[in-house]
Amino acid sequence: MVKDSKIEKTIWSLCRDGLTENTLKIVSDYLLKQFIYEQKIEYRLEKKLFFPHEYSSYFFVCEYNNFEPFSIQLKANLIVKVHDKKLYIYVIATGYSNNLRIGLQSHEGESILSFEYVQSDNGCGKWSHGTWEADESGEYQSYSELK
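Numbering (this note's numbering), first residue to last: 1 to 147.
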């Protein structure tokens, strides 16, 4: 997928220009497509939420099928927000295999995957590789099964 330089410029000027609902929709749609393309996955969008001047949140489910005979599913949330004049773009996901929650043993199943959209030297963004993190706040503790 080719990067859209106009949208990329819009993304990196959100702190200055603000988060209107229309801008959030355009940027969030683009970022979701970039994430799906870079991860080489299929997805199902479940819900879009817009809070103008605050943030947007896209809930989606995706599946990695290249691990035969296993498949890995993610229940994910794409968030775009500006807080204290700093831009945050990230995906937080819980992982599942055969509909049961997976994570790092050291996190006792309370792991989340975190991806961040960061600006590269050419001015365009790129999604970071997913990193496992402990769900320290417990926000995703109830996500024990993929429903």
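Any given hint could be a false lead.
Under the rule of at most 30 Å between Cα atoms (straight-line distance), these lysine-lysine pairs were calculated in the DSSO-like manner [said to hold, decoys possible]: (1) K48 / K86; (2) K81 / K6; (3) K3 / K75; (4) K9 / K25; (5) K81 / K33; (6) K47 / K86; (7) K40 / K25; (8) K81 / K47; (9) K75 / K48; (10) K48 / K25; (11) K126 / K81; (12) K40 / K81; (13) K85 / K25; (14) K86 / K9; (15) K126 / K75; (16) K40 / K86; (17) K25 / K86; (18) K33 / K6; (19) K48 / K9; (20) K33 / K126.
What follows is a set of in silico ranges between Cβ atoms, one per label pair, in the way DEER data are often shown [to be verified]: (21) D4 / D121: 31 to 39 Å; (22) S142 / T20: 27 to 35 Å; (23) N65 / K86: 33 to 41 Å; (24) F70 / N22: 17 to 25 Å; (25) D4 / E68: 16 to 24 Å; (26) I72 / K25: 38 to 46 Å; (27) K48 / S142: 16 to 24 Å; (28) T131 / Y37: 14 to 22 Å; (29) N22 / V118: 23 to 31 Å.
If you're looking for bench data, these hints aren't it; they were derived computationally from the structure. For glycine and all other residues, C-beta sits at the position ideal for the given N, C-alpha and C.
**Prompt:** So which of the earlier hints does this model not fit?
**Reply:** Going through the list in order, the structure violates hints 21, 24, 25, 26 and respects the others.
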